[in-house]
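Fit chain B with the ligands to the given chain A structure using the hints.
Chains as they are written, first to last, in my numbering: chain A, 6 to 249; chain B, 1060 to 1400.
Hint data in this document are derived by calculation from the structure and do not stem from the laboratory. This structure is a prediction, so every number in the text was calculated from the model and none was measured. Each residue gets a CB set at the ideal place from its N, CA and C atoms; glycine is no exception. Be aware that one or more of the hints could be misleading.
To be verified - Residues from chain B that keep clear of chain A, each with C-beta distances beyond 10 Å, as calculated:
{"id": "1", "residue": "1121"}
{"id": "2", "residue": "1215"}
{"id": "3", "residue": "1286"}
{"id": "4", "residue": "1287"}
{"id": "5", "residue": "1288"}
Claimed, not checked - Facing chain B, according to a computed beta carbon distance under 10 Å, are these residues of chain A, among others:
{"id": "6", "residue": "58"}
{"id": "7", "residue": "96"}
{"id": "8", "residue": "109"}
{"id": "9", "residue": "113"}
{"id": "10", "residue": "149"}
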Amino acid sequence: MGRPILELHNISKRFGALTALRDLSFHIGEGEVIGLLGDNGAGKSTAINLISGIHRPSAGHLSVDGHETLFTCRNDSAEAGIETIYQNTALVDSLSITRNIFMGRERCSAGGMLKLAQMREIAMEVLKSAVHISGIDSPDMLVGDLSGGQKQAVAIARAVYFKRRILLLDEPTSALSVRETEAFLNQVLKLKSENVSSVLVTHNLYHAYQVCDRFVIMSHGTKVFDVPKAQTSIGQLTEYVVMT
Amino acid sequence: MSTVSPSLPAATPPPRLHRRSALMRLISAPAGAILVAFLLLQLACITYALIAPDDFRYLSARNLTILMKAIPVLGCLALGVGILMIAGEFDLSVGSIYTLTAVVMAVQVAGGLNPFLAAGLAILIGVAIGILHGWITLRAGLPSFIVTLGGLLFWRGAVLLYNGAVQVRFDPGPVFSDLFGGTFLGVNAAFWWFLALSVAFFFLLHRHRFGNHVFATGGNRSAATAIGIDVGKVKIAAFAIAGGMAAFAGILATVRVGSVQPGQGTGLELQAIAACVIGGLSLTGGRGSVLGIFLGAMLIHTITNVLLLLRAPGFYLDMFIAVLIVGAAAFNSLIERKGRG
Ligand SMILES: Nc1ncnc2c1ncn2[C@@H]1O[C@H](COP(=O)(O)OP(=O)(O)O)[C@@H](O)[C@H]1O
Ligand SMILES: [Mg+2]
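Bound-form chain A, shown alone (with noise of 0.2 Å):
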């Protein structure tokens, strides 16, 4: 895999008296997909909102391109090139689907006023392309009125629709049929042939099995297992999960 582009060096992270992440070091290579697996409360989670410049580590840092870095916000990590699939999908239910899919990044003319026409397009476009999910006919719904799966389908043409070097996905399909996993599985891999790299967080070891170069596997909070594909099995990747 090509040089990391965004490295975690000793990353620790508490929410007061709990230790939610702890001594945490893991790398991302260029173009590579790293499966992220753990079990519930492992700080998954943690770790992609930290590197989504949500949180901010109680100890350690960040590098991008080996060059240290803090990320305080969420505009510093989409700087840095990072696009994330939140898994609670940060979506807004008042808001429409073409609203919530240029959230924070509208198309705007000179003054700050929507090009809605516009942005509906795209909206459509992404919609039809990165997700074949059934039920959203039109990007003018309302996210509130869509279904779990849909939610995840508008959350993943958002940030594959912004994706530009590293796609953090957080339990992207939890909601979605198989025929929509399997379409966004490919949709992972197509853009790892575009060169960009991804994380992704599941329980499904199958699932991260076929598309992942990389495992990372946490267990409360730290690091218990960074292996190749090529140097393990679902049946050594299931036990360390369990067992750990």
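Relative to chain A, chain B with the ligands alone:
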């Protein structure tokens, strides 16, 4: 752990049926219900006024003038409070800001300051107070309800501290008076201002990037943050707008009456929130429309006016508005729950 076997495919959700009737769609659209209610009320009033023009002088020129003079003050307050409510915060202090800034303006004009400068100063003070409330709310992590309740009392006290419990005459000269209180094309200038501001707020809230951020901030604060919106900045801007609009309402009211009473404006903040709720704004933020706010303010004053014309005792008015508020809030939450589907 459920990772050993391939997890069961989540069933594809059945496509939701969208064959609701046209009326249902209209009513659950933002401001749809209030639009229907408003039109029905107008229809009833106009019909009755045509049948019995001597008993019910709704359409008389004099009554329409009174109505148009009364609406803009509440309307401007409601526009400001409404944008803040959509951003997920409350402002209970706008009635006090309205009085304080009006007193400052009137006292300054009496002391020789140019009325336009004094009006600018009033708006600046309103904006500054709004920013202060927003800053305290965010910094201390308090509910804005409490912070602006403090503001309500504090700035009302500040009025007395600044100028005592005396009425101040306001005589800004003809240009200023005409601009904010005159008549243009047969319609009161204050009402023109309210119309123009409503249109401006429509574009700001529904067609501008800022409005999108306001809805996102109030609708799902953590999602807005996660996507890179500075929710603190958005909220403070909304507080500033609420304060500025309160001061502007004060200018309109002061021009109309020609003086400021230190005790005026009590209860206006609740009426403004009432107008917003009746207009379909969610109490938890993220939902609402400028059309709803506009119609909410119109509806409150239309009902007030009708009850006055029918010579109903004043307490009927309060009771009627009360029923309307609770009914509207219940209706809104019903629609919202359906929306969460
Ligand atoms: N914002 C937060 N505040 C306090 N505790 C948190 C927060 N986010 C996560 N945690 C805690 O951190 C631990 C790890 O959670 P999480 O990262 O969500 O695990 P995973 O995604 O692997 O299931 C859990 O004990 C969780 O309760
Ligand atoms: Mg998680």
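Status of the hints after comparison with the structure:
no. : hint : in the structure
1   : 1121 : holds, 41 Å
2   : 1215 : holds, 34 Å
3   : 1286 : violated, 4 Å
4   : 1287 : violated, 4 Å
5   : 1288 : violated, 5 Å
6   : 58   : holds, 8 Å
7   : 96   : holds, 6 Å
8   : 109  : holds, 4 Å
9   : 113  : holds, 5 Å
10  : 149  : holds, 4 Å
Going down the numbered hints, you'll see the structure goes against 3, 4 and 5, while the others check out.
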